[in-house]
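2 protein chains.
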Amino acid sequence: MSPTETMREGLRERKKAETHQALAAAALRLADELGPERVTVEAIADAAGVSPRTFFNYFSSKEDAIIGIAPAQSSALLADLLARPDDEPPLDALRAVVLAAAERLQAGGDDWVVRHRLIHKHHTLAVARSAWFAEVERRMTEEVARRTGLDPGADIYPALVVSATLGALRVAIDTWQERERVGALETLIDDAFDVLAHGLRLPQRVTTQAV
Amino acid sequence: MSPTETMREGLRERKKAETHQALAAAALRLADELGPERVTVEAIADAAGVSPRTFFNYFSSKEDAIIGIAPAQSSALLADLLARPDDEPPLDALRAVVLAAAERLQAGGDDWVVRHRLIHKHHTLAVARSAWFAEVERRMTEEVARRTGLDPGADIYPALVVSATLGALRVAIDTWQERERVGALETLIDDAFDVLAHGLRLPQRVTTQAV
DNA sequence: CGCAAAGTTGCACATTCTGCAATTTTGCCT
DNA sequence: AGGCAAAATTGCAGAATGTGCAACTTTGCG
Chain A
1 MSPTETMREG LRERKKAETH QALAAAALRL ADELGPERVT VEAIADAAGV SPRTFFNYFS
61 SKEDAIIGIA PAQSSALLAD LLARPDDEPP LDALRAVVLA AAERLQAGGD DWVVRHRLIH
121 KHHTLAVARS AWFAEVERRM TEEVARRTGL DPGADIYPAL VVSATLGALR VAIDTWQERE
181 RVGALETLID DAFDVLAHGL RLPQRVTTQA V
Chain B
212 MSPTETMREG LRERKKAETH QALAAAALRL ADELGPERVT VEAIADAAGV SPRTFFNYFS
272 SKEDAIIGIA PAQSSALLAD LLARPDDEPP LDALRAVVLA AAERLQAGGD DWVVRHRLIH
332 KHHTLAVARS AWFAEVERRM TEEVARRTGL DPGADIYPAL VVSATLGALR VAIDTWQERE
392 RVGALETLID DAFDVLAHGL RLPQRVTTQA V
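So the protein lines, in turn, are chains A and B.
The numbering used here puts the first residue of the first sequence at 1, with every later residue one more than the last.
The numbering used here puts the first residue of the second sequence at 212, with every later residue one more than the last.
Hints should not be assumed to be uniformly reliable.
What the hints assert, rightly or not - Taking lysine to aspartate or glutamate pairs in the DMTMM-like style, the calculated list, with each CA pair at most 20 Å apart, reads:
(1) 121/A <-> 353/B
(2) 121/A <-> 37/A
(3) 15/A <-> 32/A
(4) 121/A <-> 33/A
(5) 121/A <-> 46/A
(6) 227/B <-> 253/B
(7) 332/B <-> 243/B
(8) 332/B <-> 180/A
(9) 16/A <-> 46/A
(10) 121/A <-> 362/B
(11) 121/A <-> 32/A
(12) 332/B <-> 151/A
(13) 332/B <-> 389/B
(14) 332/B <-> 135/A
(15) 121/A <-> 111/A
(16) 332/B <-> 248/B
(17) 121/A <-> 346/B
(18) 121/A <-> 178/A
Hints are computed from structural coordinates only; laboratory data are not their basis.
Produce the complete structure using the sequences and hints provided.
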């Protein structure tokens with residue numbers, strides 16, 4: 001009966017992280033080269049040097065591996081939201097969180113560019129991303145409900161504001177992708193939140209054009 | 212038999228519709244009785260009196276059959292949007308469309324109650340619904356872009372307003388479900404659109420409480 | 001060392017989903 | 001009515017997903 005509480009896993013945790021990384025990288029690379037539908041779990045596992053069975057210990061599906069989502073992975077979006085001050089208005093907090101996510105994404109290197117290109121092109125990956133968004137949305141709704149003192153089951157506000165803001169993030173990313181990533185993603189996010197804050201009225205003035 | 216009435220649509224079309232209906236009904240009933248994960252395509256096909264292979268001629272997955280979604284099915288949401296006057300502000304048109312959908316849903320009988328209970332409870336069905344929403348969202352975005360004369364690839368507004376409004380519909384349905392369908396779904400929709408129109412600011416006064 | 005926990009692997013198995021070719025059913029025309 | 005062509009159904013084969021389980025191996029630590 002060893003003291004599990006103070007256990008510091010060194011090599012064990014590191015190897016797990018390496019395997020996770022190797023699988024995600026292999027999945028992304030193969031999907032980019034061959035197209036997601038022509039990639040098998042077996043091929044990903046081979047490329048990462050593990051057995052197919054082990055693949056499913058890390059990812060619950062091929063799609064999740066490609067877009068880099070581990071089950072029960074704590075999302076940075078939620079973490080950022082938890083870090084905002086409690087008395088901040090929900091929409092402001094969410095705007096800051098989404099903006100931070102966008103900056104992180106833009107700074108994140110080529111992997112995210114490739115991922116989003118694939119998501120944009122292949123329906124099955126968009127579905128996987130939707131599922132992930134839904135899970136994040138659920139948890140962020142809980143947090144907004146806590147902040148506002150509302151019951152997330154009875155009151156519509158928490159779920160609504162989270163749905164709208166995550167929708168804004170998704171739409172901004174997709175539009176940015178469609179524009180072939182010309183211009184700053186942050187600008188799109190800002191525009192989107194301005195439109196949301198103004199009651200979704202059709203903007204009179206045409207917003208930033210990148211084309 | 213008198214051919215005038217029955218032959219107008221044709222026996223072929225009628226039998227197809229019957230098979231479609233039988234499969235959807237069997238899928239829903241079995242999923243309700245056993246839980247979605249314990250239902251197989253084979254069981255659904257058996258209950259509907261067709262072969263498993265034929266099932267896939269009608270639905271692309273077990274989940275789609277349970278929530279009643281046929282591939283390339285034209286959604287009533289899109290049809291309603293197309294029927295709105297062209298010069299109506301997008302948010303107003305979408306509000307009307309979503310309200311109509313809610314009314315239809317409430318009047319629709321027990322099947323939708325069961326469906327939403329299952330969707331609410333089982334993650335895989337929520338994912339399938341998300342995928343369907345995404346497809347509808349894409350097509351409605353096209354239409355809003357046409358109305359506003361904006362480029363759906365370059366401008367964020369069409370996708371944003373559609374995303375927010377369909378999100379509102381989804382959130383309202385889920386909340387209604389959580390409240391065990393006490394009260395009118397239309398009221399929730401109205402509240403949601405009011406919040407959207409007021410820039411997603413936290414309402415000072417608590418809205419309709421059903422509990 | 002040696003034990004316990006954690007991670008990996010192979011295997012069996014149910015299931016999903018697709019393509020193809022054969023067969024049956026339906027619509028329609030003479 | 002009879003028969004042809006299109007449409008729908010079906011069986012079958014096969015690739016692939018995903019899971020449970022029982023070894024087996026590796027790691028952490030006393």
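Next on the checklist: For a quick check of understanding: which of the numbered hints are violated here, in increasing order?
Outcome noted: As far as the earlier hints go, 3, 5, 8 are violated by this structure, in ascending order.
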